[in-house]
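Protein chains in written order, with our numbering: chain A, 1 to 226; chain B, 1 to 267.
Just so you know, these hints were derived from the structure itself, not from any lab. Beta carbons are placed, not taken as given, at the ideal position from N, Cα and C, and that holds for glycine. Hints are supplied without guarantee of correctness; some may be wrong.
[Said to hold, decoys possible] Below, in silico cross-link-like pairs of lysine-lysine (DSSO-like), each with a Cα-Cα straight-line distance of 27 Å or less:
{"#": "1", "chain 1": "A", "residue 1": "K123", "chain 2": "A", "residue 2": "K45"}
{"#": "2", "chain 1": "B", "residue 1": "K79", "chain 2": "B", "residue 2": "K239"}
{"#": "3", "chain 1": "B", "residue 1": "K165", "chain 2": "B", "residue 2": "K79"}
{"#": "4", "chain 1": "B", "residue 1": "K181", "chain 2": "B", "residue 2": "K239"}
{"#": "5", "chain 1": "A", "residue 1": "K83", "chain 2": "B", "residue 2": "K165"}
{"#": "6", "chain 1": "B", "residue 1": "K165", "chain 2": "A", "residue 2": "K123"}
{"#": "7", "chain 1": "A", "residue 1": "K45", "chain 2": "A", "residue 2": "K83"}
{"#": "8", "chain 1": "A", "residue 1": "K203", "chain 2": "B", "residue 2": "K224"}
[Unchecked claim] One side of the interface only, derived from the structure: several residues of chain A facing chain B at Cβ under 10 Å:
{"#": "9", "residue": "R11"}
{"#": "10", "residue": "V66"}
{"#": "11", "residue": "E69"}
{"#": "12", "residue": "K83"}
{"#": "13", "residue": "V85"}
{"#": "14", "residue": "T87"}
{"#": "15", "residue": "A90"}
{"#": "16", "residue": "A94"}
{"#": "17", "residue": "L97"}
{"#": "18", "residue": "L126"}
{"#": "19", "residue": "R127"}
{"#": "20", "residue": "S128"}
{"#": "21", "residue": "G129"}
{"#": "22", "residue": "E133"}
{"#": "23", "residue": "H134"}
{"#": "24", "residue": "P146"}
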Amino acid sequence: MQPKVQIKGIREGLLVTLGDGEWPDIRAAFLEHIAQQGDFLRGGKLAVDVGNHALNAVELGGLRDVLSERGLSLWAVLANSPKTVQTAQALGLATRLSKPIPERAQKLPETRLYDGEGAVLVKRTLRSGYSLEHPGHVVVIGDVNPGAEIVAGGDVVVWGHLRGVVHAGAEGDEHAVVCALDLSPTQLRIAGQIALSPQRRGKTQPEVAKLQNGQVIAEVWNPKDR
Amino acid sequence: MAAKVVTVTSGKGGVGKTTATANLAAALAADGDKVVCVDTDIGLRNLDVVLGLENRIVYDLVDVIEGRCRLRQAMIRDKRLPELHLIPAAQTRDKSAVSPSDMVRLCDELRSECDWILIDSPAGIERGFRNAVAPADVVIVITNPEVSAVRDADRIIGLVEAEEKGPARLVINRLRPEMVKRGDMLGIDDILELLAVDLIGVIPEDENVVTSTNRGMPISLDGKTKAGQAFRNIARRLKGEEVPFLNLEEQGGFLGRLARMIRPGGD
Numbered sequence: 001m002q003p004k005v006q007i008k009g010i011r012e013g014l015l016v017t018l019g020d021g022e023w024p025d026i027r028a029a030f031l032e033h034i035a036q037q038g039d040f041l042r043g044g045k046l047a048v049d050v051g052n053h054a055l056n057a058v059e060l061g062g063l064r065d066v067l068s069e070r071g072l073s074l075w076a077v078l079a080n081s082p083k084t085v086q087t088a089q090a091l092g093l094a095t096r097l098s099k100p101i102p103e104r105a106q107k108l109p110e111t112r113l114y115d116g117e118g119a120v121l122v123k124r125t126l127r128s129g130y131s132l133e134h135p136g137h138v139v140v141i142g143d144v145n146p147g148a149e150i151v152a153g154g155d156v157v158v159w160g161h162l163r164g165v166v167h168a169g170a171e172g173d174e175h176a177v178v179c180a181l182d183l184s185p186t187q188l189r190i191a192g193q194i195a196l197s198p199q200r201r202g203k204t205q206p207e208v209a210k211l212q213n214g215q216v217i218a219e220v221w222n223p224k225d226r
Numbered sequence: 001m002a003a004k005v006v007t008v009t010s011g012k013g014g015v016g017k018t019t020a021t022a023n024l025a026a027a028l029a030a031d032g033d034k035v036v037c038v039d040t041d042i043g044l045r046n047l048d049v050v051l052g053l054e055n056r057i058v059y060d061l062v063d064v065i066e067g068r069c070r071l072r073q074a075m076i077r078d079k080r081l082p083e084l085h086l087i088p089a090a091q092t093r094d095k096s097a098v099s100p101s102d103m104v105r106l107c108d109e110l111r112s113e114c115d116w117i118l119i120d121s122p123a124g125i126e127r128g129f130r131n132a133v134a135p136a137d138v139v140i141v142i143t144n145p146e147v148s149a150v151r152d153a154d155r156i157i158g159l160v161e162a163e164e165k166g167p168a169r170l171v172i173n174r175l176r177p178e179m180v181k182r183g184d185m186l187g188i189d190d191i192l193e194l195l196a197v198d199l200i201g202v203i204p205e206d207e208n209v210v211t212s213t214n215r216g217m218p219i220s221l222d223g224k225t226k227a228g229q230a231f232r233n234i235a236r237r238l239k240g241e242e243v244p245f246l247n248l249e250e251q252g253g254f255l256g257r258l259a260r261m262i263r264p265g266g267d
C-alpha cells in the first residue's frame with residue numbers, strides 16, 4: 001500500500017495527515033516529503049494527525065526530535081489511539097487543535113454519566129505540567145501534584161494527595177463532586193464556581209467537595225452519614 | 001570499558017546542576033575512574049569555570065559535532081586529576097547547534113573510552129534539556145528545598161519518565177537542617193513525599209561551595225567540608241555502594257554526626 005502524506009495550512013500552522021500502513025514506512029515517507037519541500041517549511045509549526053497508529057514515547061519523541069533537527073516544531077499530535085494520545089500528553093504535546101476537527105470529533109457516550117460509564121482510571125502520579133481532560137469521570141490512583149491539572153465533565157476521585165488544579169463538572173454539571181484522600185488542591189472548580197483550599201489544620205483525612213447553594217464546600221468523608 | 005552516561009538536570013536554574021556535575025566528576029575521577037564531563041549549556045557555559053579549566057579551551061562540543069575537530073582534541077584534561085576530562089560547550093552559539101541524536105552519537109563514541117560520562121544540562125525543558133537527556137542511562141534531578149525548585153523538579157521527573165529513561169534519582173542541594181528544624185524550610189521527607197523518587201544524596205548548605213566554585217577547585221576534593229563529603233557519598237552511591245544517609249533527626253545534631261563521621265580518617 002502506498003503510504004500517504006498530506007500537508008495543508010491551518011490557522012495554527014501546518015496540519016500533516018498520515019495514512020495507514022507500517023509506521024516505519026509512513027515515517028520515512030513523511031520525512032522524505034519534508035525533505036522535498038526543502039527550506040519552504042523551515043520554522044513551521046506542525047500538527048500531525050497520525051490516524052490509527054499506536055505510538056510509544058520513543059517513536060513519538062524520536063519524530064519530534066527529527067523534526068526539530070529539520071527546523072520544524074511539532075506542537076500537536078492528533079490520534080485515534082488512546083495510547084498515542086497519552087504518549088503525546090506525557091511528552092507535553094497538544095492532542096487537539098483549538099477547534100476540534102469535526103470528522104475526528106471523539107465519539108462520547110451520549111448518556112448522562114452517572115452510571116459509571118465513561119470514566120477513566122489513571123493509575124499513576126500526575127506530575128507538574130500534566131493535563132488530563134476527560135468528558136466523563138476521572139479516577140486517579142496516585143497523587144496529583146501541584147502544577148498538574150484535571151478537567152473532567154463528571155466527578156473526580158483521587159486516591160492520594162490532590163494538590164494540583166481540578167475542575168469537576170467542567171461542562172456545567174453542578175452535581176459533580178471531587179473526593180480525595182487529601183483534598184488540598186491549588187484551586188478547585190465545580191461547574192462555574194471556583195474555590196481555593198484553606199490552610200490545612202490538623203491531620204489530613206478524606207474529604208468530598210461539592211456545590212451547595214452555589215458555593216463550593218468541602219466536608220470530611222464520614223461513612224456514617226451515608 | 002563501557003561508560004555509564006549520567007545526566008544532571010533540574011528544570012529550574014541556579015539550583016546547582018553545574019556544581020554537582022563538577023563535584024561528582026571530580027569525586028569519581030579521584031577514585032581512579034575515567035570520567036568525561038560534557039557541558040551541554042551551549043551559549044551559557046559554566047562547567048569549565050567551575051572546574052577551573054576555562055583558559056584551556058581550544059575546541060568545544062559544537063566543533064566536534066560540526067566536524068571541525070576530532071573528539072579527542074576537544075577533551076580537556078583536568079589539571080589536578082589525570083582521569084578527568086571536560087568537553088566544554090560553545091559560548092558563541094545556541095542550543096539548536098546540537099540535536100539529541102548528535103548527543104547520542106557523541107556519547108556512543110565516548111563510551112568505549114571511559115567509565116563515566118557526566119552531562120551537565122541547561123535549565124529549562126526545551127531543546128537543551130532534550131539534548132542532555134537523550135543519551136542518558138541515569139538521570140539525576142537536582143533540587144533545592146524550595147517550593148519553586150521542587151515544582152520544576154516534579155515537571156522534569158515527569159518528562160524524564162515520558163522519555164522512558166527509567167526512574168530519575170534525586171539530589172537535594174543546599175539543605176539547612178536548622179531551618180528545617182524550625183519549620184522554615186521544606187524537609188527531606190516533605191520533598192520525597194511529593195516527588196516520590198529515589199533519593200541519592202543530600203548536600204547541606206555550605207559556604208565553602210561558593211569559595212571552591214569561584215576558585216575552580218571542586219569541593220569534593222577537599223577532605224574536610226560537609227558538602228564535599230556529601231558529594232563523595234553520592235559518587236559512591238552511583239557506583240552501586242550502599243552508603244548510609246546523614247540522619248538529620250538524630251540527637252546531637254547534624255554537625256556533630258558529620259564531624260564524627262569525618263574525624264576517624266574519613267569514612
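Cross-check of the supplied hints:
1. K123(A) / K45(A): 33 Å, violated
2. K79(B) / K239(B): 24 Å, holds
3. K165(B) / K79(B): 33 Å, violated
4. K181(B) / K239(B): The given pair, whose Cα atoms are some 32 Å apart, is violated under the 27 Å limit.
5. K83(A) / K165(B): 18 Å, holds
6. K165(B) / K123(A): 19 Å, holds
7. K45(A) / K83(A): 23 Å, holds
8. K203(A) / K224(B): 42 Å, violated
9. R11: Violated - the Cβ of R11(A) stays beyond 10 Å from chain B, reaching only about 24 Å at its closest.
10. V66: 8 Å, holds
11. E69: 4 Å, holds
12. K83: 13 Å, violated
13. V85: 13 Å, violated
14. T87: Holds, about 8 Å.
15. A90: 4 Å, holds
16. A94: Violated, because the Cβ-Cβ distance from A94(A) to chain B comes to roughly 15 Å (cut-off 10 Å).
17. L97: With Cβ-Cβ at 21 Å, over 10 Å, it is violated.
18. L126: Check passed: Cβ of L126(A) comes within 8 Å of chain B, closer than 10 Å.
19. R127: 3 Å, holds
20. S128: OK, holds: S128(A) within 10 Å of chain B, min 4 Å.
21. G129: Result: holds, 4 Å to nearest chain B Cβ.
22. E133: Violated. Min distance 17 Å.
23. H134: Violated, because the Cβ-Cβ distance from H134(A) to chain B comes to roughly 18 Å (cut-off 10 Å).
24. P146: Where the cut-off is 10 Å and the nearest Cβ of chain B is about 6 Å from P146(A), the hint holds.
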